[in-house]
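Per our numbering, residue 81 is the first one in the sequence shown, and the count goes up by one each step.
The set of hints was computed from the structure by calculation and includes no laboratory data.
Capping the alpha-carbon separation at 25 Å, the derived lysine-lysine pairs in BS3-like fashion look like this:
#: 1; residue 1: K531; residue 2: K224
#: 2; residue 1: K452; residue 2: K526
#: 3; residue 1: K389; residue 2: K224
#: 4; residue 1: K452; residue 2: K389
#: 5; residue 1: K529; residue 2: K224
#: 6; residue 1: K542; residue 2: K526
#: 7; residue 1: K151; residue 2: K542
#: 8; residue 1: K542; residue 2: K452
#: 9; residue 1: K544; residue 2: K529
#: 10; residue 1: K529; residue 2: K542
#: 11; residue 1: K317; residue 2: K526
#: 12; residue 1: K224; residue 2: K85
#: 13; residue 1: K322; residue 2: K542
#: 14; residue 1: K224; residue 2: K526
#: 15; residue 1: K529; residue 2: K389
#: 16; residue 1: K322; residue 2: K452
#: 17; residue 1: K544; residue 2: K452
#: 18; residue 1: K322; residue 2: K529
#: 19; residue 1: K526; residue 2: K322
#: 20; residue 1: K526; residue 2: K389
#: 21; residue 1: K544; residue 2: K531
#: 22; residue 1: K531; residue 2: K389
#: 23; residue 1: K531; residue 2: K452
#: 24; residue 1: K151; residue 2: K544
#: 25; residue 1: K529; residue 2: K85
#: 26; residue 1: K529; residue 2: K86
#: 27; residue 1: K531; residue 2: K322
#: 28; residue 1: K317; residue 2: K452
#: 29; residue 1: K529; residue 2: K452
#: 30; residue 1: K542; residue 2: K531
#: 31; residue 1: K322; residue 2: K389
#: 32; residue 1: K317; residue 2: K151
#: 33; residue 1: K86; residue 2: K224
Simulated DEER-style distance windows between Cβ atoms:
#: 34; residue 1: Y191; residue 2: W163; range: 21 to 27 Å
#: 35; residue 1: G454; residue 2: Q356; range: 56 to 62 Å
#: 36; residue 1: S184; residue 2: F162; range: 33 to 39 Å
#: 37; residue 1: S87; residue 2: Q270; range: 37 to 43 Å
#: 38; residue 1: L142; residue 2: D218; range: 28 to 34 Å
#: 39; residue 1: Y191; residue 2: K531; range: 43 to 49 Å
Positions of the beta carbon are idealized from the N, C-alpha and C atoms, including for glycine.
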Amino acid sequence: MRALKKSEILNYSIGDFGINLNFQLLGFFLAYFYTDVFGISPWHASFIFLIARAWDAINDPLMGLIADRTKNRWGTYKPYIFWGAIPLNLILIACFSIPELSSSMQVIYCYFTYILHGMIFTAVGLPYSAIGTLVTQDQQERAKISTMRMFFAVIIVITVVGSYVTPFVNSQPIIVEFVGVHLMTLQGPQFSDEADGWFTVAVIFGIISTLILFYSAMNTQERVHAPVQKYKLSDIKTIIFKNDVLLILSASMFLNTAIWVVQNAVSFYYFKYVAQIESLQTIFFQWMLPANIIGVILTPILTARLGKKNVFILGSLIVFLVNVTRHFIPIPTLESYTLFIGLSMLGSSCMMFCSICQWGMVPDTIEYGQWKTGIRSEGIPLSFFSFMQKLAMSFGGFFALQILAFTGYVANTELPESALNGIQLLYNIFPGLFSLGCLVFLLYYKLSKEKYDTILAELQQKSKSAQD
81 MRALKKSEIL NYSIGDFGIN LNFQLLGFFL AYFYTDVFGI SPWHASFIFL IARAWDAIND
141 PLMGLIADRT KNRWGTYKPY IFWGAIPLNL ILIACFSIPE LSSSMQVIYC YFTYILHGMI
201 FTAVGLPYSA IGTLVTQDQQ ERAKISTMRM FFAVIIVITV VGSYVTPFVN SQPIIVEFVG
261 VHLMTLQGPQ FSDEADGWFT VAVIFGIIST LILFYSAMNT QERVHAPVQK YKLSDIKTII
321 FKNDVLLILS ASMFLNTAIW VVQNAVSFYY FKYVAQIESL QTIFFQWMLP ANIIGVILTP
381 ILTARLGKKN VFILGSLIVF LVNVTRHFIP IPTLESYTLF IGLSMLGSSC MMFCSICQWG
441 MVPDTIEYGQ WKTGIRSEGI PLSFFSFMQK LAMSFGGFFA LQILAFTGYV ANTELPESAL
501 NGIQLLYNIF PGLFSLGCLV FLLYYKLSKE KYDTILAELQ QKSKSAQD
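Just need the whole structure built from these sequences, with the hints factored in.
What follows is the structure, encoded as structure tokens:
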């Protein structure tokens, strides 16, 4: 099979920009929107995140089964991106809308829209990830794809979401800087209230996300023609639980995802209530841009020398040390935030190591599972990864909001010391512990590059023998 062109890597990877405009807006701000804009108590909001994932335990494997059995002229997985892009972003807009209903009906509305979003996200995100396993089977090319995906998903989207959404929503000037150099100041529209601002952001993000997903799907080809296998619903258990590297990597993914979910969920609370300077959040995320770029540049260099697993472990160790250290330094102010920003940049670069390596390792578990069980399925393993990622999002949101409720958080008031301490623990210590747990799981991951190459050669030989 010929090597991938740069344009092919770009056309596929840019889809992550579209998916993450949707995904990251929810991850960063939905908890805050529920508590401080919608007016739902942290206790009630936490259960919205938790209960939504109970259905995903059923929905995600079923979606994987359905996707694996889809065959038409567009391919196995591309149709889901075409047909799912518009509903996915319509429900994003619904999540950031406040209907004129009674209090109890508003809570039900939040349950309904968030659960429906999870279902449609699976119908788009799972096939998108599955296409990545059919673009190439070469580990180095998969590493390049993973790096490019993270460029769009983390560097661009998180910088935009973290830096510019808050001032836009609050009708404040949008200051654009890079490494402390002022580039421009933009004045966004004046909204009647904060709710109107959030709705407008969701509409803008939804339109852009839809167009990008259409572009990516139309310009990506499923090049690997794996043997078609029919399997029963009962085989799902075998496909998942006989694949030990899938289970270990999914546990690491859960904890790695929980790190950014918890930190992003409370970042707005941290800058608003602990630092008491909301504008510092914009400065913070603008400095994370060069940090993430450094992480993207270094990751393929390090993985070529050390391997994806070892770079993932190294990144997790540094993220653990950074978060614990940051908890004990002075709270940042506009006059003194150099140490806080410096540590955060180091941690952000190393989170890029983890994210890129994590998604670069995911496709390898497909061939390993085929070798181990005799059943090839892209949909089921990827649906399990999707479920674990969404479970981590749910756990992160539930955990953060429960801690806020337990420590006495009340929106838009002067918070007691217990609530401020709770926010600081959520921002630093708990993510550090999650990173340490991620590291421990990775120590048991045994799929090296040499073993993968041997497995792939065996599978290709079996396929050739079957054709003869």
